[in-house]
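Peer 1: Work out the full structure: start from the sequences and follow the hints.
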Amino acid sequence: MKILVPVKRVVDTNVKIRVKADGTGVDLANVKMSMNPFDEIAVEEALRLKEAGKATEVVVVSIGTDKSAETLRTGLAMGADRAILVKTDAASVEPLAVAKLLKAVIANEAPGLVILGKQAIDDDSNQTGQMLAALLGWPQATFASKVALGDSSVDVTREVDGGLETLRLKLPAIVTTDLRLNEPRYASLPNIMKAKKKPLDETSPETLGVDASPRLTVLKTVEPTGRTAGVKLGTVDELVAKLKQAGVL
Amino acid sequence: MATLILAEHDDAHLNEATAKTLTAALALGQPVDVLVAGQNAKAVADAAAQLTGVRSVLLADGESLANRRAEPLADLIVSLAGQYDAIVVPGTSTGKNVAPRVAALLDVMQISEITKVVSPDTFERPIYAGNAIETVQSSDKTRVITVRIAAFPAAAAGGNAPVETIAAPGDSGLSSFVGADLSVSDRPELASAKVIVSGGRALGSAEKFQEVIAPLADQLKAAIGASRAAVDSGYAPNDWQVGQTGKVVAPDLYIAIGISGAIQHLAGMKDSKVIVAINKDGDAPIFQVADYGLVDDLFTVVPALTKALAN
Ligand SMILES: Cc1cc2nc3c(=O)[nH]c(=O)nc-3n(C[C@H](O)[C@H](O)[C@H](O)COP(=O)(O)OP(=O)(O)OC[C@H]3O[C@@H](n4cnc5c(N)ncnc54)[C@H](O)[C@@H]3O)c2cc1C
Ligand SMILES: Nc1ncnc2c1ncn2[C@@H]1O[C@H](COP(=O)(O)O)[C@@H](O)[C@H]1O
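Line order of the protein sequences matches chains A and B. For the first sequence, the residue numbers in the numbering used here are 1 to 249. For the second sequence, the residue numbers in the numbering used here are 1001 to 1311.
Some hints could be false.
[Unchecked claim] Once the Cα atoms are required to be at most 25 Å apart in a straight line, the calculated BS3-like pairs of lysine-lysine come out as: (1) B:Lys-1141 with A:Lys-220; (2) B:Lys-1280 with B:Lys-1270; (3) A:Lys-220 with B:Lys-1270; (4) B:Lys-1273 with A:Lys-232; (5) A:Lys-242 with B:Lys-1116; (6) A:Lys-16 with B:Lys-1280; (7) B:Lys-1270 with A:Lys-16; (8) A:Lys-244 with B:Lys-1194; (9) A:Lys-67 with A:Lys-20; (10) A:Lys-232 with B:Lys-1116; (11) B:Lys-1141 with B:Lys-1221; (12) A:Lys-244 with B:Lys-1307; (13) B:Lys-1270 with A:Lys-232; (14) B:Lys-1270 with A:Lys-244; (15) A:Lys-220 with B:Lys-1116; (16) A:Lys-232 with B:Lys-1280; (17) B:Lys-1280 with A:Lys-242; (18) A:Lys-244 with B:Lys-1221; (19) B:Lys-1194 with A:Lys-242; (20) B:Lys-1270 with A:Lys-242; (21) A:Lys-103 with B:Lys-1141; (22) B:Lys-1194 with A:Lys-232; (23) A:Lys-50 with A:Lys-198; (24) A:Lys-242 with B:Lys-1307; (25) A:Lys-67 with A:Lys-32; (26) B:Lys-1273 with A:Lys-16; (27) A:Lys-103 with A:Lys-67; (28) A:Lys-244 with B:Lys-1280; (29) A:Lys-2 with A:Lys-198; (30) A:Lys-2 with A:Lys-220; (31) A:Lys-103 with A:Lys-2; (32) A:Lys-20 with B:Lys-1116; (33) A:Lys-146 with A:Lys-67; (34) A:Lys-244 with B:Lys-1273; (35) A:Lys-242 with B:Lys-1141.
[What the hints assert, rightly or not] So the derived label-pair ranges between C-beta atoms look like this: (36) A:Ala-110 with B:Thr-1052: 49 to 55 Å; (37) B:Ala-1154 with A:Lys-196: 54 to 60 Å; (38) A:Lys-16 with B:Asp-1281: 45 to 51 Å; (39) B:Ala-1206 with A:Leu-249: 45 to 51 Å; (40) A:Ala-107 with B:Gln-1050: 46 to 52 Å.
By construction, these hints were calculated from the structure, which means they are not laboratory data. Quick reminder that beta carbons are idealized off the backbone N, C-alpha and C, glycines included.
Peer 2: What follows is the structure, encoded as structure tokens:
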């Protein structure tokens, strides 16, 4: 079985982002970019399924500018077999359009399982996997913390508000990853070298016949109203007194 | 036209997230209907009917809806969508799971986790773990929206809306429910608690976490939260995680104990009214958002605080 893993290039999770003063967005000039952390977990899960003999091929896909090729190379260096770049010039592509593009890629690739991240840490949308499942008419299991792949179905344990729940999905299916599914590997230097020779195909929304134009208009982007640091107190009794004063006890 | 909201519940009780979602939905300025989808969920529908501002409650009751799996639930919502120009869903794990499926089936772009209604087609929502706030305008015919629960007050009780029963959808059989392992607790729910006591990696073990955090939480009738590090290390269950990828909370009082204050954690609690930090490192970033801080060893300070509150 082939597993497809969509990966997004995002601002590295350790970067403290800055909002542009004129309200036009977040300043991404010279900022470190990485693979979305949930997507690293998705790649890792796919590789483990392949290593366990349950999958035959792992294909990573990214939608973005030529820079997204770097993110795909990271996936290849982790161990994915092939990569597909859906190249656009757009600064960002909305989840609905990403889902439509992925659907078109899936029509060519016919994977048995697609593993996505549960959310991209830049737009924090948490939509793409669910949308893709809807467009394909496939079952979905979001926020996965455990994946047990069988021949014609997959059992997925999900992190939900009250704890955990397990669903069984008929294949082909969509899974999105939560943080505790696994700990992604680092790519070794030899594997980074090998990844340079692995196939990376390029296509475009036009070739795939998908209209990727946005539906939402961002009117402005601002910094949240910040909190200011309060006071450090010397004793527990002072703290209790302050909390009483503040009316929260 | 009108707005449809999805009720959050467990077939027995209406969750407060519903009343908060209702507040956001009413700000769109149209009549609001509430969809209760479940199995044997009549009591939930009756409770929803009492929320002020509800026009009517639609009760879809059947086996396919028992665990609110995304496939039948999305089909149900889509079958009703023609009568509504906005579908507003709580940003709970159930809501986040189903709403994008509905949006894609309607060919519209969802607006995730709104924190403010600016106008019926324009909303504020946090991005980058809450480090930026975006104002977005939708051009879609139907708006599918999820609501950041902590950002809206609960609508009051006092209404008396009619409850109409509608057919439950069939089941495509694409997915099935295997089982659940849900935490049972007498404590208030994290998402709606007025006071939260939260523990981090510094607690060091599940036993110490219980031994130090629970008595303080008992004393304050508080819910218990945790950092990701505490959950990953197995000190606390996953549904206690507060943060960008856990629960977003805004209680009156949030006490962060042995938590450094990574941006991903702050994303989940920095809108709390009063924040207290207890950390032995005076430079920990948590102090930049804390109203009151104690720079000290938690293993001495927290028991002392628990004792002081008992007196
Ligand atoms: C994609 C992504 C998503 C994430 N989502 C979340 C999320 O939703 N929620 C979340 O919390 N994190 C999240 N994280 C993780 C986050 O970056 C931090 O790693 C995590 O919050 C750290 O937890 P901590 O503060 O408990 O641990 P540490 O950072 O290890 O902090 C422990 C603190 O305890 C203090 N301490 C130690 N001993 C004592 C003592 N005896 N007395 C008093 N203080 C003591 C130390 O000074 C230190 O400040 C996410 C990370 C990523 C990459
Ligand atoms: N531009 C993209 N290219 C590839 N995958 C993407 C892209 N955008 C989103 N995804 C996938 O969808 C998941 C959820 O993203 P989002 O819905 O934007 O929060 C991500 O973790 C990725 O797996």
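Peer 1: Now, for every hint given, state plainly whether the structure supports it.
Peer 2: We went through each hint and held it up to the structure:
| no. | hint | in the structure |
| --- | --- | --- |
| 1 | B:Lys-1141 with A:Lys-220 | holds, 22 Å |
| 2 | B:Lys-1280 with B:Lys-1270 | holds, 20 Å |
| 3 | A:Lys-220 with B:Lys-1270 | holds, 22 Å |
| 4 | B:Lys-1273 with A:Lys-232 | holds, 17 Å |
| 5 | A:Lys-242 with B:Lys-1116 | violated, 31 Å |
| 6 | A:Lys-16 with B:Lys-1280 | holds, 24 Å |
| 7 | B:Lys-1270 with A:Lys-16 | holds, 16 Å |
| 8 | A:Lys-244 with B:Lys-1194 | holds, 15 Å |
| 9 | A:Lys-67 with A:Lys-20 | holds, 22 Å |
| 10 | A:Lys-232 with B:Lys-1116 | violated, 33 Å |
| 11 | B:Lys-1141 with B:Lys-1221 | violated, 45 Å |
| 12 | A:Lys-244 with B:Lys-1307 | holds, 15 Å |
| 13 | B:Lys-1270 with A:Lys-232 | holds, 18 Å |
| 14 | B:Lys-1270 with A:Lys-244 | holds, 21 Å |
| 15 | A:Lys-220 with B:Lys-1116 | holds, 14 Å |
| 16 | A:Lys-232 with B:Lys-1280 | holds, 12 Å |
| 17 | B:Lys-1280 with A:Lys-242 | holds, 20 Å |
| 18 | A:Lys-244 with B:Lys-1221 | holds, 16 Å |
| 19 | B:Lys-1194 with A:Lys-242 | holds, 17 Å |
| 20 | B:Lys-1270 with A:Lys-242 | holds, 19 Å |
| 21 | A:Lys-103 with B:Lys-1141 | holds, 23 Å |
| 22 | B:Lys-1194 with A:Lys-232 | holds, 23 Å |
| 23 | A:Lys-50 with A:Lys-198 | holds, 17 Å |
| 24 | A:Lys-242 with B:Lys-1307 | holds, 16 Å |
| 25 | A:Lys-67 with A:Lys-32 | holds, 12 Å |
| 26 | B:Lys-1273 with A:Lys-16 | holds, 24 Å |
| 27 | A:Lys-103 with A:Lys-67 | holds, 22 Å |
| 28 | A:Lys-244 with B:Lys-1280 | holds, 24 Å |
| 29 | A:Lys-2 with A:Lys-198 | holds, 17 Å |
| 30 | A:Lys-2 with A:Lys-220 | violated, 41 Å |
| 31 | A:Lys-103 with A:Lys-2 | holds, 15 Å |
| 32 | A:Lys-20 with B:Lys-1116 | holds, 21 Å |
| 33 | A:Lys-146 with A:Lys-67 | violated, 32 Å |
| 34 | A:Lys-244 with B:Lys-1273 | holds, 14 Å |
| 35 | A:Lys-242 with B:Lys-1141 | violated, 51 Å |
| 36 | A:Ala-110 with B:Thr-1052: 49 to 55 Å | holds, 52 Å |
| 37 | B:Ala-1154 with A:Lys-196: 54 to 60 Å | holds, 56 Å |
| 38 | A:Lys-16 with B:Asp-1281: 45 to 51 Å | violated, 19 Å |
| 39 | B:Ala-1206 with A:Leu-249: 45 to 51 Å | violated, 28 Å |
| 40 | A:Ala-107 with B:Gln-1050: 46 to 52 Å | holds, 49 Å |
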